[in-house]
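J.: These are the residues of each chain, in order.
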Amino acid sequence: MALLEVKNLEVFYGMIQAIRGISFEVNEGEIVTLIGANGAGKTTTMQSIMGLIANKKGTVIYNGQDITKTPGHKIVRMGMTQVPEGRRIFQQLTVYDNLLMGAYTMADKKQIQQDIDEICTRFEILGQRKNQIAGTLSGGEQQMLAMGRAMMSHPKLLMLDEPSMGLSPLFVDKVFDIIKDYHKSGTTILLVEQNAKKALSIADRAYVLETGEISLSGGADDLLNNEAVKKAYLGA
Amino acid sequence: MTTLIDGLSLGAIYSLIALGYTMVYGIAKMLNFAHGDIIMVGAYTILTTLNITGNPYVAIAVSIVVCTVSGIVIERLAYKPLRGASPLAVLITAIGVSFFLQSIAQLIYGSKSQSISLPDFGKVSVGGLEINVNTIITLVVGGIIMAALTVFVKKTNTGRAMQAVSEDKGAALLMGVNVNRIIMITFAIGSALAAFASLFYLMQIPSITPTLGSMPGIKAFTAAVIGGIGSIPGAMLGGMLLGLIEKICLSIPAIGPYTTAIEFSLLIIILLVKPIGILGKKVREKV
Ligand SMILES: Nc1ncnc2c1ncn2[C@@H]1O[C@H](COP(=O)(O)OP(=O)(O)O)[C@@H](O)[C@H]1O
Ligand SMILES: [Mg+2]
Chain D
1 MALLEVKNLE VFYGMIQAIR GISFEVNEGE IVTLIGANGA GKTTTMQSIM GLIANKKGTV
61 IYNGQDITKT PGHKIVRMGM TQVPEGRRIF QQLTVYDNLL MGAYTMADKK QIQQDIDEIC
121 TRFEILGQRK NQIAGTLSGG EQQMLAMGRA MMSHPKLLML DEPSMGLSPL FVDKVFDIIK
181 DYHKSGTTIL LVEQNAKKAL SIADRAYVLE TGEISLSGGA DDLLNNEAVK KAYLGA
Chain A
237 MTTLIDGLSL GAIYSLIALG YTMVYGIAKM LNFAHGDIIM VGAYTILTTL NITGNPYVAI
297 AVSIVVCTVS GIVIERLAYK PLRGASPLAV LITAIGVSFF LQSIAQLIYG SKSQSISLPD
357 FGKVSVGGLE INVNTIITLV VGGIIMAALT VFVKKTNTGR AMQAVSEDKG AALLMGVNVN
417 RIIMITFAIG SALAAFASLF YLMQIPSITP TLGSMPGIKA FTAAVIGGIG SIPGAMLGGM
477 LLGLIEKICL SIPAIGPYTT AIEFSLLIII LLVKPIGILG KKVREKV
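As they're listed, the protein sequences go chains D and A.
Just so you know, my numbering puts 218 at position 218 of the first sequence, and the rest follows in order with no gaps.
Just so you know, my numbering puts 455 at position 219 of the second sequence, and the rest follows in order with no gaps.
It is possible that part of the hints are untrue.
[Claimed, not checked] Below, a list of computed lysine-lysine pairs in the DSS-like style, where the Cα atoms sit at most 30 Å apart:
#1 K197/D to K174/D
#2 K174/D to K405/A
#3 K109/D to K390/A
#4 K230/D to K197/D
#5 K391/A to K156/D
#6 K348/A to K109/D
#7 K391/A to K265/A
#8 K130/D to K390/A
#9 K69/D to K517/A
#10 K391/A to K110/D
#11 K74/D to K483/A
#12 K405/A to K156/D
#13 K57/D to K390/A
#14 K57/D to K316/A
#15 K110/D to K265/A
#16 K7/D to K405/A
#17 K130/D to K405/A
#18 K156/D to K109/D
#19 K316/A to K130/D
#20 K110/D to K517/A
#21 K130/D to K391/A
#22 K265/A to K69/D
#23 K359/A to K74/D
#24 K391/A to K109/D
[What the hints assert, rightly or not] Derived DEER-like restraints, expressed as beta-carbon distance ranges:
#25 E25/D to F336/A: 47 to 55 Å
#26 K390/A to D108/D: 15 to 23 Å
#27 F336/A to Q113/D: 46 to 54 Å
#28 Y13/D to R417/A: 54 to 62 Å
#29 T496/A to Q17/D: 51 to 59 Å
#30 G135/D to T392/A: 19 to 27 Å
#31 A383/A to Q113/D: 23 to 31 Å
#32 P317/A to Q65/D: 46 to 54 Å
#33 V509/A to E25/D: 51 to 59 Å
#34 Q65/D to S349/A: 54 to 62 Å
#35 S349/A to D108/D: 32 to 40 Å
#36 K390/A to D222/D: 26 to 34 Å
[Unchecked claim] Among the chain A residues that face chain D by a calculated CB cut under 10 Å, a handful are:
#37 I344
#38 R396
#39 V415
These are computed hints drawn from the structure, not numbers from a lab.
No experiment lies behind these values; they were computed from the predicted model shown.
We treat Cβ as the ideally placed atom computed from N, Cα and C, and that holds for glycine.
Let the hints inform the model, and build the full structure from the sequences given.
T.: This is the structure in structure tokens:
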């Protein structure tokens, strides 16, 4: 069953149309990736699904419910959230308070503490820096925090917008390992990436976005071997 | 010494008002120029309730409710429709709201100043000093309110969400925060603080006019900028500093008449030396 279904989505910035009627779906249990060059419209797509951009046409269905007009904070409570592009952690709060913010929709205090302990084990660096102001973390560490923070709300579907952007190769590998791992523990993933090779290597299916339109889609392995994809996105 | 205590007590009033400016600025990124007039609303509410009930405690309670509700209604009707509009449009609207409130007060109460008699607890002597009990009340209650607010912002979910919204609305929304609700709560808290400020103000100057809120409003705004607009400890520090400077200047006959000029000069100097204010945080530009 499709957990997320996007139908004929169009998004506008004023007069400019950034997304030109795209449709795609994410099935429960999958890792789906949306790849495309800089400016193709990946972030716009992600943000409009979460209700961060209001000016859109089309339909977004999550878990059988039409959420096209649902405010973003309610979507989070329904079990879908996002690690935004550029991480956007709360720079002036401590690592610990950032994690607590991630648990804003959770009521069970004991569970929250347990989750924080678990995340501090999953990401040792966060455990060591619990009381540090988040803005003082390195880029890679901030990405860990952004992912840990999103996990605090126990999403059924987690979207990640270019989680490997600007990171050293070591951290890039780490980020993809964490996504694979988190997926195994039962979360559906929608991953946006410019690093197409890495994204396709962990994904089940993929869509290629080109200037606001989906130009290609299919199984991740098929796309990895597709000549056009190889030329345009895999640098071969 | 008495001057110092008077200064701190006046400073507590400025701080309470400055907190309203700074919190709303931090979270809604707007200068709520009508905030000073909430003090006036509070003052007339105290006057009217006192005339009807004769009980100053009922009066202050009613005033808190009226100010809080006014803050929420103003935000809903005047500012919320302008979310995302240009800062200039919002600023002009805020000035409009300010005139609107003053005109309403003038229609109801006229423009003549009205006097009010609040309970006077007289003076006590502490270590040989004669101090007004009202001054002490202002200082102590003001201090307690500010301490409570600090704990609230740091330790509660709603307070943490306020900090998150002030830093990044979009990211806060991704945490499940209802940003509009947080903005509303911020206006409510700021206006409730203004109700306390109006009570303490009347305890020092027991006369009310429709423009009563303007001067303390502008001074408190100055205090908020001096302390670093958007910063809660900054508003407290700025308010205290301004109160002290005002009372000290007034106590020296040679410079007393220039007090207000000195206060605003201080603002200019601070802005020249440290444009973000004493405790202001640099806002990192988002790319
Ligand atoms: N806030 C905005 N206002 C106007 N145009 C925008 C805005 N954000 C993005 N765009 C435009 O929309 C298109 C898609 O951008 P984006 O979704 O950020 O692409 P991607 O995430 O794939 O790099 C680009 O042409 C970009 O210039
Ligand atoms: Mg992007």
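J.: Would you mind marking each hint as holding or not holding in the structure?
T.: Now the hints, each set against the structure:
Distance hint between K197/D and K174/D is fulfilled; the C-alpha atoms sit about 15 Å from each other, no more than 30 Å. Distance restraint check for K174/D and K405/A: the Cα-Cα separation of roughly 29 Å lies within the 30 Å cut-off, and the hinted pair is therefore satisfied. For the hint pairing K109/D with K390/A, the CA-to-CA distance comes to about 17 Å; that is within 30 Å, so the pair holds. Restraint check for K230/D and K197/D: satisfied, since their Cα atoms lie roughly 9 Å apart, inside the 30 Å limit.
Simply put, K391/A and K156/D have alpha-carbon atoms about 29 Å apart, close enough for the 30 Å limit, and the pair holds. With a C-alpha separation of about 56 Å, the suggested pair K348/A and K109/D falls outside the 30 Å cut-off, and the hint is violated. With a CA separation close to 23 Å, the supplied pair K391/A and K265/A stays within the 30 Å bound. Only pairs whose Cα atoms come within 30 Å are accepted, and K130/D paired with K390/A is accepted, the gap being roughly 16 Å.
A distance of roughly 36 Å separates the Cα atoms of K69/D and K517/A; the hinted pair therefore is violated under the 30 Å criterion. A distance of roughly 17 Å separates the Cα atoms of K391/A and K110/D; the hinted pair therefore holds under the 30 Å criterion. Between K74/D and K483/A, the direct Cα distance comes to roughly 51 Å. Violation of the 30 Å bound is thereby established for this hinted pair. With a CA separation close to 23 Å, the supplied pair K405/A and K156/D stays within the 30 Å bound.
Taken as a hint, the K57/D and K390/A pair is broken in the structure, with Cα atoms around 40 Å apart against an allowance of 30 Å. Note on K57/D and K316/A: the hinted pairing holds, with a Cα-Cα distance of about 24 Å set against a maximum of 30 Å. Pair hint K110/D plus K265/A does not hold up; C-alpha atoms about 35 Å apart against a cutoff of 30 Å. The suggested pairing of K7/D with K405/A holds, with an alpha-carbon distance near 27 Å, which does not exceed 30 Å.
Pair hint K130/D plus K405/A holds up; C-alpha atoms about 23 Å apart against a cutoff of 30 Å. Taking the CA atoms of K156/D and K109/D, the gap is near 20 Å; set against the 30 Å cutoff, the hint holds. Restraint check for K316/A and K130/D: the C-alpha separation of about 36 Å exceeds 30 Å, so the hint is violated. Taking the CA atoms of K110/D and K517/A, the gap is about 34 Å. The hint is violated against a cut of 30 Å.
Our distance criterion of 30 Å between C-alpha atoms is met by K130/D and K391/A, whose separation comes to about 16 Å. Distance check on the hinted pair: K265/A and K69/D sit about 26 Å apart at the alpha-carbon level, within 30 Å; holds. Between K359/A and K74/D the alpha-carbon distance is near 56 Å, which puts this suggested pair outside the 30 Å criterion. A distance of roughly 14 Å separates the Cα atoms of K391/A and K109/D; the hinted pair therefore holds under the 30 Å criterion.
Here the CB-CB span from E25/D to F336/A is close to 51 Å, well matched to the stated 47 to 55 Å. Distance hint for K390/A and D108/D: a CB-CB separation of about 22 Å, consistent with the stated range 15 to 23 Å. Hint check: F336/A to Q113/D, Cβ distance near 49 Å, so the stated range 46 to 54 Å holds. At about 27 Å, the beta-carbon gap between Y13/D and R417/A misses the expected band of 54 to 62 Å.
Between T496/A and Q17/D the Cβ separation comes to about 55 Å, which falls inside the hinted range of 51 to 59 Å. The given range of 19 to 27 Å is respected by G135/D and T392/A, whose C-beta atoms sit roughly 22 Å from each other. At roughly 26 Å, the beta-carbon separation of A383/A and Q113/D lies within the given 23 to 31 Å, and the hint holds. Taking 46 to 54 Å as the suggested C-beta distance range, the pair P317/A and Q65/D does not conform, at roughly 29 Å.
Checked against the given bound of 51 to 59 Å, the beta carbons of V509/A and E25/D, roughly 58 Å apart, stay inside it. The hinted window of 54 to 62 Å between Q65/D and S349/A holds, with their beta carbons roughly 59 Å apart. Evaluation of the 32 to 40 Å hint for S349/A and D108/D yields a failure: the beta carbon distance comes to about 56 Å. At about 53 Å, the CB distance of K390/A to D222/D disagrees with the hint of 26 to 34 Å.
Using the Cβ-Cβ criterion of 10 Å, the hint placing I344/A at the interface with chain D is not satisfied: the shortest such distance is roughly 39 Å. Because the closest C-beta pair between R396/A and chain D is about 6 Å apart, less than 10 Å, the hint holds. For V415/A, the suggested interface contact is upheld, since its CB lies about 7 Å from the closest CB of chain D, less than 10 Å.
Consistency note: the structure conflicts with the earlier hints numbered 6, 9, 11, 13, 15, 19, 20, 23, 28, 32, 35, 36 and 37.
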